[in-house]
Structures are given as structure tokens and as C-alpha cells.
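There are 2 protein chains.
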Amino acid sequence: MADAETFRNAMAMLAGAVNIITTDGPSGLAGFTATAVCSVTDRPPTLLVCMNRSSFAHQFFQGNNVLCVNVLGASNKEAPALFANREFSMSERFDRVPWGRLVTGSPLLDCAIVSFDCRITNTSTVGSHSIFLCEVQDVRRGTGRGGLVYFNRDYHPVGADAPPSKE
Amino acid sequence: MADAETFRNAMAMLAGAVNIITTDGPSGLAGFTATAVCSVTDRPPTLLVCMNRSSFAHQFFQGNNVLCVNVLGASNKEAPALFANREFSMSERFDRVPWGRLVTGSPLLDCAIVSFDCRITNTSTVGSHSIFLCEVQDVRRGTGRGGLVYFNRDYHPVGADAPPSKE
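Protein sequences appear in the order of chains A and B.
Numbers 50 to 216, taken from our numbering, label the letters of the first sequence in order.
Numbers 50 to 216, taken from our numbering, label the letters of the second sequence in order.
In isolation and in its complexed conformation, chain A is listed as follows:
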């Protein structure tokens, strides 16, 4: 079996979109930066999010049972660091970026190129992580054209000059 460090170093070469995953509800407001988001099926529209169970934010997602995947764009330089820095409290994070809500009440960040507002329909545990299966209740498209990708332990813009995809 591959050792954990070899696995992590190799995984750094699997590019991933940079997202801010947010939640709000009875357990409170939370948001964190993550690349571990994956499309599952379109009927019903479903994605999944992997999250470390030992992270401070995990309890909020499990308690609220809703989340919003905010996909960041090429020009979003500050939000990823803000939502990945433990020195900023949850309220400080949300004080620094404009946001609203759709159906579930989870924060939808104005800066996202697209946001998926979801209900968590199933949670499974795999080692240190939870896999949240999420049914997409609503979608909002933002204005940015390019995406933001994390690859080889750095952020990279992608497709910034491409025309917008059809709505």
C-alpha cells in the first residue's frame, strides 16, 4: 500500500477547482476552502464533498445538514486564503466577503463563478474523512469567466479568456 506522504505528494498533481464550502443553520455559520468536490449524477442533481472529520468546521456541516459549494474564479485571490486560515474566525471570514442566500440558507458568495446550494442527503465515514452526498436544490451563475485551480500546491487561473458557457 502507498504510504500517506507519497499519496499526498502524488495527489498534489491532481488539479482541482478551488471552492469555498459554506453552511448555516442551527449549528451556526461556517465556511472553508476545499478542492475535494465531485459531480456524481444529474438525476437527481447530486455532488459530493469530502471533509476532514477532525476539522473545526465539520460539526457545523453535520449539524446543519445543508451546504453551498461556491466555485471560485480566476480573479478570486483573497477568498481561498481567507477561508483556509485558522487565524480568522468564521464571523471574520464572512465579514470580509459579500454574500447572500438561496434556498437552504447556506451562504452564497457573490464572488463565485457558480454556486450549488445543497441539502446533505447522506454522510459516510472513510478513515479520517466524511463524504457528504449532496442534492442540489438551486444553482446560481456568477459573472466570472475563468476558473481557479489548485495544482502542484499553488493556485492557477484557467480559461480566463474563454467565452462563457451557455446558461
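The set of hints was computed from the structure by calculation and includes no laboratory data.
There could be a bad hint or two in this list.
Said to hold, decoys possible - On the chain A side, residues computed to face chain B include the following (Cβ under 10 Å):
#, residue
1, PHE56
2, MET62
3, VAL146
4, GLY149
5, GLY193
6, ARG194
7, VAL198
Glycine residues also receive a C-beta, built at the ideal position from the N, C-alpha and C atoms.
For this one, chain A is given, so just place chain B on it according to the hints.
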């Protein structure tokens, strides 16, 4: 709930690494192009792959219970189309790219920037798709530096000029 077309169009804005997922064993040789791969946990080293149950290749993966995730690099222009084109049989696909094997017997493509050789440890069904949970048995790093990303329904190189990450 979001409708399927809205969901698919929005999902096109979630950038994903381009991978060729391969398998071999009692059920036979198969490979297909996919972005739906996600890191889960490093202890034990685990990733997941989502796959449409109605695809021709699905039976091979389910039968062999092993797979290799071959992450493509910025210079890999032909492999993604080859492994996404139904006009090419499985044997034709593997005749056109150099490949070898690691532990599980699944084809490891020489052109990949990194390959994850895996045993499928759990399969769950969500609507039209299977989620394969995969324990990584071995990893091989290739020579390419840049990654290849699918975003807004097109391929994009990423990080091609970046230095290689540490082994």
C-alpha cells in the same frame, strides 16, 4: 431542486483534472476518460471515482475490482479523445498508447504525470452512477510538469512552467 440541464451546465464551470481510468483482470481490459476523481483520505490512502453505470466500461471495473487513475499532463492531447471516443474498441485504445502495470495489473499509461494503482474496496450506487472507493496500492510519478484540466467544456493546460513538486 435544480433540473438536470441546469446542473450539467453549471458543473461545466467546476474545473477537473483529466484522467484515464483503466482496469484489467478476469472481466477484461478497459479504459475511459474521466474527471470525476476525488481524494478522500491519506490513511489508508483512498480516492474515489464516479462512473456511469450505463457505460459499456462499467462492467469491467465492477468485475475486476481494480483500477488505475492515470492523471494526464499538459502535453497529453490525444489520449483524452482516444479514451472518450466510442468508435475505438478497448483493444484499439490500448494499442495506441504505451503502457505497463504496477501491482493490481491495471494499465498504467506511460504518458501520465502520476498514476494511482488501486483496489476497489467499496461500491455504492447513487442514481445513474457508481461511486468506487479505492485504496491506493502503489503510485508512479511520470515526467511531465504541467497538468491538464477540463473546464467550460474544453481542455486547458495548467502549471506547465511550474517546477516539479517534491517526490
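Satisfaction of the MET62 of chain A interface hint, Cβ to chain B closer than 10 Å | This interface hint holds because 4 Å falls under the 10 Å limit.
Does the CB of VAL146 of chain A sit less than 10 Å away from some CB of chain B?
-> With a closest approach of 19 Å, the VAL146 of chain A hint is violated.
Measuring from the C-beta of VAL198 of chain A to each C-beta in chain B, is the shortest one below 10 Å?
-> At about 5 Å, which falls below the 10 Å cut-off, the nearest Cβ of chain B leaves the hint on VAL198 of chain A intact, so it holds.
Using 10 Å as the Cβ threshold, decide whether GLY149 of chain A counts as touching chain B.
-> violated (17 Å)
Do the numbers back the hint for ARG194 of chain A, that is, is its least Cβ distance to chain B under 10 Å?
-> This hint holds: ARG194 of chain A lies near chain B, its Cβ roughly 8 Å from the closest one there, short of 10 Å.
Return the status of the interface hint for GLY193 of chain A: holds when the least beta-carbon distance to chain B is below 10 Å, violated otherwise.
-> holds (9 Å)
Are PHE56 of chain A and chain B close enough, Cβ to Cβ, to be under 10 Å, as the hint says?
-> holds (4 Å)
Checked against the numbered hints above, the structure breaks hints 3 and 4 and satisfies the rest.
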